[in-house]
Amino acid sequence: MMIKQLLLVFVVLVGAPIVGGLLFGIDRRITARMQGRYGPPIIQPFYDFLKLLGKQHIAVSKMQFVWIYGYLVFMIASLIFLFLKSDFLLLVFLLGFAGVSLVLGGFSTKSPYAHFGANRELMQIMAYEPILLLLAIGIYALNGSFLISDIFKQEKPLLFTLWPLFLAVLYVLTIKMRKSPFDIATSHHGHQEIVKGVTTEYSGPYFALFHLAEWYEIILLLGIITLFWTNPLWVGILIALAAFILELFIDNITARMTVSWMVRLSWSVGLILGIANIAYIYFTKGVS
Amino acid sequence: MADQMMAIAILLPVVAGFLILIVRNYYARNIVVVVTALILIGNSIFLALKGPFTYTPSGFNWGLLITILDYAILIFYLYVGISLRNWLVLIFALAQLIPLAYFEFVMKAHIEVSPAFVVDHLALVMTLVISIIGSLICIFALRYMYDHEHHAHLEKSRQSRFLFWLVLFLGAMNGLVFANNLVWLYFFWEVTTLCSFQLISHDRTKEAIHNAARAVWMNSTGGTAFILAIIYLYTTQGGSSALSVQNLIGGGIQASVVLLPIALLCYTGFTKAAQMPFQSWLLGAMVAPTPVSALLHSSTMVKAGVYLVLRLAPVYAGTYLSTIIAIAGAFTFFATSALAVSQSTGKRVLAYSTIANLGLIIACAGINTPLSIAAAILLIIFHAISKGLLFLCAGTIEHQIWSRDIEDMEGLAAKAPLTTLITAIGILSMFLPPFGMLIGKWIAIEAAYIVPLAAVFFVLASTLTIVFWTKWLGRLLQVLPQIRRPFEKLSPSYFVPLWTLLIGIFVVGIGVGPIYQNFLLAATNDVVSGNQIIALGVNNLILTTPSIMQREILGLFPVWPLYLILIVALLLPLLMIGLKPTELRPVYMCGEQTGGTDTDEWLAEADKKTKFQLGGYYYQSVLGEKRVNPWANAIAILLLVIMLGCGVIVI
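So the sequence lines, in the order shown, correspond to chains A and B.
Here the first sequence stands for residues 8 to 295, where the numbers follow our numbering.
Here the second sequence stands for residues 2 to 652, where the numbers follow our numbering.
Same shape as in the complex, but just chain B:
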């Protein structure tokens, strides 16, 4: 039963994708996508209820099919490289193709890994995130792409093609988190890269194709490292048993010998998670329609990168490699948070914030205590929900004002109060207590002291996080005095995902105690075999030390009382305060205001009526990309070199 459900999780998106390609009718296609989404969501929940299992497919020669498809993808990259005359794409496609062919034809490698799929609690957490949030984004994309093409006045609809890659992505991600065979994992890895290439280049503009090519070559360097790691493991560790992820992390192989391939695999994870200095591909991916960004940033693609690093955590535990991963991740968290302050495009702020939070998660993996691993898993979940919501909000806003610029969102609260409300909650949930992201950050800082440099980066970064989110939210809220603003109407394809994710923030946030206790604790234990490290009640989140003998409390977090405080502080005033028309006044303009409350004009020089304009601060001269990037990239590259060096010099 479980293996059929697993097959659904991986193969249903493939089947549905081809069905979408065939069905050309807008409504019929919508039904296909919605039904697929519902099945995937239900399936992932049942899978999670069923618990962990392992499975090796038999009968059909899946290995052969995967090998053929591997080559097909790589040859496609060759074609892309040649047709675009993009030599980087070409070089790194060859850099994967040649070692792979050498491995399979010259070395005549025989890969037989059993079990081929291991679905443990971490994989279940990932598949829940992928299936639920990913499916919601697919539903959002239905209407979004319709509006998108309508606005762009396209003659021939390309929505089918778009939805095909979008849905296929979910299957590839599910396969990626289930796979135990490294060669198969590599295949799913490549499929996600391919999907992202197709989706980023979807609009076929010069910029879109250029950025998609960059995404491919950067991720291909990761793919090359992946293959080298596979070959190294295969040759030095005696055959295909070394290519089982479970063997690798289960201590079946001596950790000290195996550090170089692990460093290579972590490098692969860094490229996919767009860690500095690879951040530019994810920023470039912003040219794509917003559902793509939402998918890449919340539940798929980048989460594959952190998944791999997190998954391998026990292998490099206690080594210098672990420390340097913590520092590199924390540095990315800090540097990209600083860069986010200087951005005036909404989606770029979101992108930098994603990279920053992925850095935080990777740093947690590098800190490598049971506590920090728990923080990493919590952050993966909360980040996926909040960031998914925020990207969908950004898409909704974009289709109301047809702009991505934060300055154009000025006073959105007056034009689109409902969207603003949802966006505001989404933004608050990214950085303030009692929301989940802050719970994760709280645990991360509690765990970080053993790598003090990482802890210092955490502190600086979380401060910068406050600055850029508050700045953005402030631009949305700025309004002229007015009594009542009716909520705008949104298409069901928009509001169903928005409301679901919004409710998700609160349900998972308030219920973090029980959810952790019943489910995530097992996932943490699957990553590191530790004791019960966090005791959580319904009321309190209590962190304790791992030793059973002596339970020392590290920190305490009353979860639902804080939500009560939030209600008292913001929700009650929001509902209770009513304004009368007689109470409204214009803002203070030193007496130079003209007209009534609803005008924003004043008497400037020579008593000329002038509209007063307000703008946000972006601190370009201090934190602009031109200023920060050279330094930050240099440091990040240095950290990467040290990381790979740690793999060579075994300590």
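The following block holds chain A by itself, in its conformation from the complex:
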């Protein structure tokens, strides 16, 4: 049991960034095609990563490096929680620590651009965190526990009852993938007024760490979406991939919006979807 789990952890540690990096490569390719360009090879993210690793260390403050490690390690920790089918609520809290680390990394320099980005990243946390926590409560309402392993025991997919929360989680996915209209705190494309936002002051190997964390993150997010259909699992994975492609479309057909618009939309539509969903389960199913 223990050895099997350790093996799983190892596979996740090595496998997740490979798949995540490839997904980012596919992202760039599809986006390029949508914009009428040819696009880079699919393994371009790995080339970029290796190139960054070889660059010189440049420091603005020591703490920013500490926090980027925090971002990476807590991201990996929450991913491992997902694969070990552990407590979903704690997974969300760990993901919160990862987000806070990134914000503090931005704050720990005296850089105006990093500060813009950090403040906006914090607003992003404020926009997506309650939806994920409501999802946890929704899962509890259905299964009577927060354990991901209990989701796998259910015959009926979560999507049937939790579809409003599913829509809200798609919204979270757009925020977390830093896609338009929510490429607010930092962006994969250059945006003049925030430069690179929260990651402005990272360069070289430490910027590579940020990319690595993003690869783990995309697997984690798609993994959470997969939870909506775990029986059979391949349907869930297909749904997650479809959601991924959908995000690319959304990215290309929308312009970026303001922070306050994002928070307002998530605290109105997102929360109403989530709360209505939980209220519906509570009043039809009662306390399990």
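Hints in this document: simulated from the structure, not taken from any laboratory.
These figures come from a predicted structure and were not determined experimentally.
Be careful, since some hints might not be right.
Taking lysine-lysine and the DSSO-like style, the derived pairs with C-alpha atoms no more than 30 Å apart in a straight line are [what the hints assert, rightly or not]: (1) B:610 - B:581; (2) B:416 - B:581; (3) A:62 - B:581; (4) B:581 - B:490; (5) B:416 - B:609; (6) B:581 - A:58.
Going by beta-carbon spacing under 8 Å, a handful of chain A positions derived as facing chain B [what the hints assert, rightly or not]: (7) 77; (8) 94; (9) 103; (10) 111; (11) 115; (12) 140; (13) 289.
Covered stretches of chain A, going by a simulated chain B footprint (3 or more residues, C-beta under 8 Å) [claimed, not checked]: (14) 62-73; (15) 79-85; (16) 117-125; (17) 142-150; (18) 279-287.
We treat Cβ as the ideally placed atom computed from N, Cα and C, and that holds for glycine.
On the provided structure of chain A, position chain B as indicated by the hints.
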């Protein structure tokens, strides 16, 4: 033996307090305080090891003494009300005095409650929190008050007076959690109000006296409700046996009949725990020197409020009163977390966060399952440690930069790296895994689904919690490129309490499994007589359902592996990463930066050198007090009315 130890816990602070008043020498007084603190700490630990007991003092007529002191305190409030021309203080002093006199002289009530003191596991947990954390704060206050008066250029030292009330507070709190006789509990309750009045008004400024008076009248409304509850219980439940807390919660009295006085007592708890709409007295208390805030917020005063609500939990279990308490507490948690986001004064952020967490604890009491009661007890402990530490940090920072404004703390990491490090850990321990506060919150959310509205408030509030803490921490950390920053020197009176509490966060946090299993489980069972509801190992925190027949796992929390993750994520990089001078670069300023790495100037319009300045966001237009308070207070008052209504309409 146990009764002598209990007497030490209550009476030693009184004796030591008078000794402090007499001793005028700074060093001699320090010795008295430190020795008292050490005895109190040791005493509370031995008391906890000894386990629960009951005791009724005999010989001396303590009841008479307490009655006399009751009147003395109330007459003092009358005097305060008249001399300050503060009619609210006067009215509520009379509102306590008249019913009390009526009760004792007209009704000729004869109060004989046996046992007078019941020390169960919950009381032991409370006395550990009070004695250990409270004593550390008293030690901190020694140097703090010295610096404070030095900075204020006082001619005549008033430190003795300050320390007298500070130490007395601990005795009153210990008495409060031990008392089984409601009349005696009321007395200790009033003593804590009196101590807080004296401490808040200590600086004698107009604002300090005004805020202290507000603390008195708000808490006096609670005191009035307390007396009414006592009279109601005495008259309808047949005499003094109804005034035993143990009888009340032990089902000796039929719950449905007794709901109105319970609602009144919960109202009393709400006032003392500064729940909305009473939050303003605790915010006003911020004018006092920081050790007062630390004491009021972590181990005493407000914890008395949640203690009372928690203690009474079994009486109102399963009623609408319980549900409304859960919703009211959760609402306070949410609304004050939102208000904290808009605050730019460090101590006000801490104050709102305290009120929020007390709301969470009260909500847990209202949810009223064994699981949520366990969460409430854990939160009381963890909150006391973390918040005690944070207030002491705020005090230390204040005496380094002589400001309480978060904007003035900008870049504190460069000026005072050690204080910043301790503060940062304190802040992280308030809202992130794997620290104790999050364990408590985790269990609370697990338990909250039976009151879904409370669960939704929990979710929103914990999100807002992330925002205001991160914002503050971010302001501290902002620094210019530099290689090495030597740690600053702190007085032992500062660093001993700081380090002790810091270590406490980790010891209690990592050891939460064994501590719960061996000690807190019994406290939970003392509050609700339930089965073993939480199985905790050293590695894992596992929540299970109460039924013995079928053990269903609700959640799982690997505690120490998460601390390992924390070490790998933050501590190792902090120690391992070294910077070379050649690696340092100035921040990106679009090429308009002037000079080297250690300047923060750039070429603004007309190539004029200008310092660039960064500030925090406070979202005043959305979450400011002016905007939120009218709504939040209205909802909170409505909830209070419904709560009292639930007491009248017995369902």
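Structure-based check of each hint:
1. Distance check on the hinted pair: residue 610 of chain B and residue 581 of chain B sit about 28 Å apart at the alpha-carbon level, within 30 Å; holds.
2. A hinted pair counts as satisfied when its Cα atoms are at most 30 Å apart, and residue 416 of chain B with residue 581 of chain B qualifies at roughly 20 Å.
3. Among the hinted pairs, residue 62 of chain A with residue 581 of chain B is consistent with the structure: their alpha-carbon atoms are about 16 Å apart, no more than 30 Å.
4. For the proposed pair residue 581 of chain B and residue 490 of chain B, the alpha carbon gap of about 26 Å is at most 30 Å, so the pair holds.
5. A threshold of 30 Å between alpha carbons decides the hint, and for residue 416 of chain B with residue 609 of chain B the separation of about 28 Å falls inside it, so the pair holds.
6. Distance hint between residue 581 of chain B and residue 58 of chain A is fulfilled; the C-alpha atoms sit about 22 Å from each other, no more than 30 Å.
7. At a threshold of 8 Å, the smallest CB-CB gap from residue 77 of chain A to chain B is about 4 Å, leaving the interface hint in force.
8. Below 8 Å, beta-carbon pairs count as interface contacts, and residue 94 of chain A has one with chain B at about 5 Å; its hint therefore holds.
9. Checking residue 103 of chain A against chain B: minimum C-beta separation of about 6 Å stays under 8 Å; hint holds.
10. Here the hint on residue 111 of chain A is kept, as its CB sits about 6 Å from the closest CB of chain B, short of 8 Å.
11. For residue 115 of chain A, the suggested interface contact is upheld, since its CB lies about 4 Å from the closest CB of chain B, less than 8 Å.
12. Against a cut-off of 8 Å between C-beta atoms, the interface hint on residue 140 of chain A holds, since the closest Cβ of chain B lies about 4 Å away.
13. A least Cβ separation of about 5 Å between residue 289 of chain A and chain B falls short of the 8 Å threshold, and the interface hint therefore holds.
14. Residues of the region 62-73 of chain A lying with their CB closer than 8 Å to a CB of chain B number 10, which satisfies the three-residue condition for coverage.
15. Judged by the Cβ-Cβ criterion of 8 Å, the region 79-85 of chain A is covered by chain B as claimed, because 4 of its residues qualify and three suffice.
16. Restraint check on the region 117-125 of chain A versus chain B: 7 residues with Cβ-Cβ distances below 8 Å, three needed, restraint holds.
17. Only residues whose C-beta sits within less than 8 Å of a C-beta in chain B count toward coverage, and the region 142-150 of chain A has 4 of them, enough to reach three; the restraint holds.
18. Residues of the region 279-287 of chain A lying with their CB closer than 8 Å to a CB of chain B number 3, which satisfies the three-residue condition for coverage.
Of the hints listed earlier, there is not a single one the structure fails to meet.
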